[in-house]
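Enquirer: Using the hints, position chain G against chain H.
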Amino acid sequence: MSANRLSRQLKNLRSGLAEHYRIITSNRLSAFGFWIIILFVVVAIFAPWIAPHEPWEMVYDRDGNFASLRPPSWQFPVGTTHLGYDLFSQLVLATRTTLLIGATSGLISIIIGANIGLVAGYYGGKIDEVLMRLTDILYGMPFLPFIIILISLFGRKLEFVILAIILIIWRTSARVIRAQTIAIKQRQFIAMAKARGCSDFRIIYRHILPNVLPLLLLYAAFNIAWSIITEASASFLGFGDGETISWGGMLYELWLSGKTRVAWWWFATPSICIVLLVTSLVFVSRAYEEVANPRLRKR
Amino acid sequence: MEILELDHLSRHFEIQPGFIDRVIRRHPMSYIKAVESLNVSIGNNEILGIAGESGCGKSTTCTMVSGLLEPTSGDIRYKGKSIIGLKGEELRQYRRSVQMIFQDPYESLNPRFRAADIVAEGPRALDLWDADEIDHRVIEILNAVGLPAHKYTERFPHELSGGERQRVGIASALVMEPEMIIADEPLSMLDVSIRAGILDLIKELQEERQFSSIYVSHDLSILGNVADRVLIMYLGQAMEIGPAKDVILNPRHPYTRALVGAVPIPDPRSRRAIPNIRGDISKPIDPPPGCRFAPRCPHADSSCQANFVELSTEDPNAHQAACHKLDIIADG
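Order-wise, the sequence lines are chains H and G. Taking this note's numbering, the leading residue of the first sequence gets 5, the next gets one more, and so forth. Taking this note's numbering, the leading residue of the second sequence gets 388, the next gets one more, and so forth.
Please note: incorrect hints may appear among the correct ones.
Okay, the calculated beta carbon distance ranges per label pair [stated by the list, open to error]: (1) S575(G) to V279(H): 55 to 63 Å; (2) D514(G) to G242(H): 49 to 57 Å; (3) D578(G) to V279(H): 26 to 34 Å; (4) F150(H) to K468(G): 29 to 37 Å; (5) I581(G) to R12(H): 24 to 32 Å; (6) S608(G) to R26(H): 46 to 54 Å; (7) I581(G) to R26(H): 32 to 40 Å; (8) R409(G) to A187(H): 20 to 28 Å; (9) Q597(G) to R206(H): 25 to 33 Å; (10) R206(H) to H537(G): 25 to 33 Å; (11) S203(H) to I581(G): 33 to 41 Å; (12) L104(H) to H537(G): 23 to 31 Å.
Below, simulated DSSO-like cross-link-like pairs (lysine-lysine); rule was C-alpha separation at most 30 Å, straight line [stated by the list, open to error]: (13) K263(H) to K632(G); (14) K161(H) to K263(H); (15) K466(G) to K420(G); (16) K189(H) to K474(G); (17) K538(G) to K198(H); (18) K590(G) to K670(G); (19) K130(H) to K198(H); (20) K189(H) to K632(G); (21) K198(H) to K15(H); (22) K670(G) to K712(G); (23) K189(H) to K15(H); (24) K712(G) to K198(H); (25) K538(G) to K466(G); (26) K130(H) to K538(G); (27) K712(G) to K466(G); (28) K632(G) to K198(H); (29) K538(G) to K474(G); (30) K590(G) to K198(H); (31) K670(G) to K466(G); (32) K712(G) to K468(G); (33) K130(H) to K189(H); (34) K538(G) to K590(G); (35) K538(G) to K468(G); (36) K198(H) to K466(G); (37) K15(H) to K538(G); (38) K130(H) to K712(G); (39) K474(G) to K670(G); (40) K632(G) to K712(G).
For the record, the hints were derived by calculation from the structure and aren't laboratory data. Ideal Cβ placement from N, Cα and C applies to all residues, glycine included.
Same shape as in the complex, but just chain H (with noise of 0.2 Å):
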């Protein structure tokens, strides 16, 4: 009978899967994004065993010449930098560093959003006041001066710049999920559940949290998309973490070098990247925003 019962709950897992690949590829959009977001995090498990060489290796040609802003050719795919360094190998990497952060304090970010939301649109009252004018008050901080000011105090460290990305990022969520929260709580399904003797508890997670399920999906994706960018723009002030290499700090370098007007190369391939990573999440989260919103569907 267990048995039969975990074959059911795999059955369900199965069939939930197939259900968000089909959202997912149901529109070309989403479905070119979805595998170029499978790309890149291939390429970032891969990342040290793609790179050619270290990131800031220097490099020589062939003949032994020492590669200092070498445009693309079959050696250097991307080039090279001033001081010699492979671009193609700093790219790879810096997928990794990228796609790290995004992912974390893009998913971290939507479960402290989507808790906040639903705890504050479901029991309402005093603790939705007060959990919702916390959320005012990080709508009125300005994302750059708060980074710097947890830099300063901190130092240049991955997890500082996670850490002020997440805290900055949620609160969209928080109030979209709120909103939703407020409209589900009125059915009556969940009078049902009460009556049934649910807990508060368990009517939140078991019972809206998956009607809400799309929306979350939806701004998980707008939250890894925009942690990313404020990634590679933090990075791009010099308020990265100088010790991993990035896009955003790609690009810091090069504006350090001086070079931008000589070495297209250079800036295009980060912000070619980054561009396309940001713009193929934005896919995606536009199919599940046709699921969570069926008015945009096509008629």
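Expert: Relative to the frame of chain H, chain G by itself:
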């Protein structure tokens, strides 16, 4: 032994006037008196029918009895114990023994749950049995409400028809083995063609499983069919109570007379007297203290407008009407 007693049960809803009205014009707070001073008792294995127009407080009474809404004043006693402010284990016990069947089967089933999970949710939430036992009982109850388990357990609500959904709703209430079922117009959202089936099911299950029940409907012919006793309500007040056949065949209160007179007779040639009432149903906002029906009643005088008659629960089987003018009406 009375299983449930409602003792001067009232529920008022505040209507907040707009900000400007409140602060500048100093309008006082208005109240909708949805239920006012209701006295009823329900015996073991008895079905009490509650009838009345929309807005008469039937559903508010149901939500209060099922513990989803706190009364403004008065008391609800279940087996002699007040249920107001119950907490923890006692509340869980009460939730288990008093179950509700909801009006709208399209709204009351969680769209993300499969039928079996909807039915199993109550026992799981209250941790009544172990998982195998729950599975077993869910299958049993689905079969009992006429949904062969092998066909229906895996379905989502949107894959079910209205009647099938209501059967799932009934199963999810009955799986807890309650001692009391509150059915809030369980048929009103269903097609006429399947009402009889659901009605028979409820009657059959009641005989088989022996529970008391409050059955709300605005259809007197259904109540005459299922209920042992009938309570007639109008704008939050009880108008008449008594054995079902007695109330319907021999109504005493002027409102009940009008209500019974409005039941359609399936004979195009039959003509009957137009009920002797006037005006429209009034709003329950800040009503005057007397009988709510007085403005429409042909027999009303100043005493009707000053106060209203409360029903007593001393003799549960008595046929009582909440009216000052019963002797006059009986004569006329």
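Enquirer: If a hint holds in the structure, say so; if it does not, say that too.
Expert: Going through the hints against the structure:
no., hint, in the structure
1, S575(G) to V279(H): 55 to 63 Å, "holds (56 Å)"
2, D514(G) to G242(H): 49 to 57 Å, "holds (56 Å)"
3, D578(G) to V279(H): 26 to 34 Å, "violated (55 Å)"
4, F150(H) to K468(G): 29 to 37 Å, "violated (56 Å)"
5, I581(G) to R12(H): 24 to 32 Å, "holds (30 Å)"
6, S608(G) to R26(H): 46 to 54 Å, "holds (48 Å)"
7, I581(G) to R26(H): 32 to 40 Å, "holds (33 Å)"
8, R409(G) to A187(H): 20 to 28 Å, "holds (27 Å)"
9, Q597(G) to R206(H): 25 to 33 Å, "holds (29 Å)"
10, R206(H) to H537(G): 25 to 33 Å, "holds (28 Å)"
11, S203(H) to I581(G): 33 to 41 Å, "holds (34 Å)"
12, L104(H) to H537(G): 23 to 31 Å, "violated (48 Å)"
13, K263(H) to K632(G), "violated (97 Å)"
14, K161(H) to K263(H), "holds (27 Å)"
15, K466(G) to K420(G), "holds (27 Å)"
16, K189(H) to K474(G), "holds (22 Å)"
17, K538(G) to K198(H), "holds (28 Å)"
18, K590(G) to K670(G), "violated (35 Å)"
19, K130(H) to K198(H), "holds (21 Å)"
20, K189(H) to K632(G), "violated (41 Å)"
21, K198(H) to K15(H), "holds (28 Å)"
22, K670(G) to K712(G), "holds (24 Å)"
23, K189(H) to K15(H), "holds (29 Å)"
24, K712(G) to K198(H), "violated (43 Å)"
25, K538(G) to K466(G), "violated (39 Å)"
26, K130(H) to K538(G), "violated (46 Å)"
27, K712(G) to K466(G), "violated (35 Å)"
28, K632(G) to K198(H), "violated (35 Å)"
29, K538(G) to K474(G), "violated (39 Å)"
30, K590(G) to K198(H), "holds (25 Å)"
31, K670(G) to K466(G), "violated (35 Å)"
32, K712(G) to K468(G), "violated (36 Å)"
33, K130(H) to K189(H), "holds (17 Å)"
34, K538(G) to K590(G), "holds (24 Å)"
35, K538(G) to K468(G), "violated (42 Å)"
36, K198(H) to K466(G), "holds (22 Å)"
37, K15(H) to K538(G), "holds (17 Å)"
38, K130(H) to K712(G), "violated (50 Å)"
39, K474(G) to K670(G), "violated (35 Å)"
40, K632(G) to K712(G), "holds (22 Å)"
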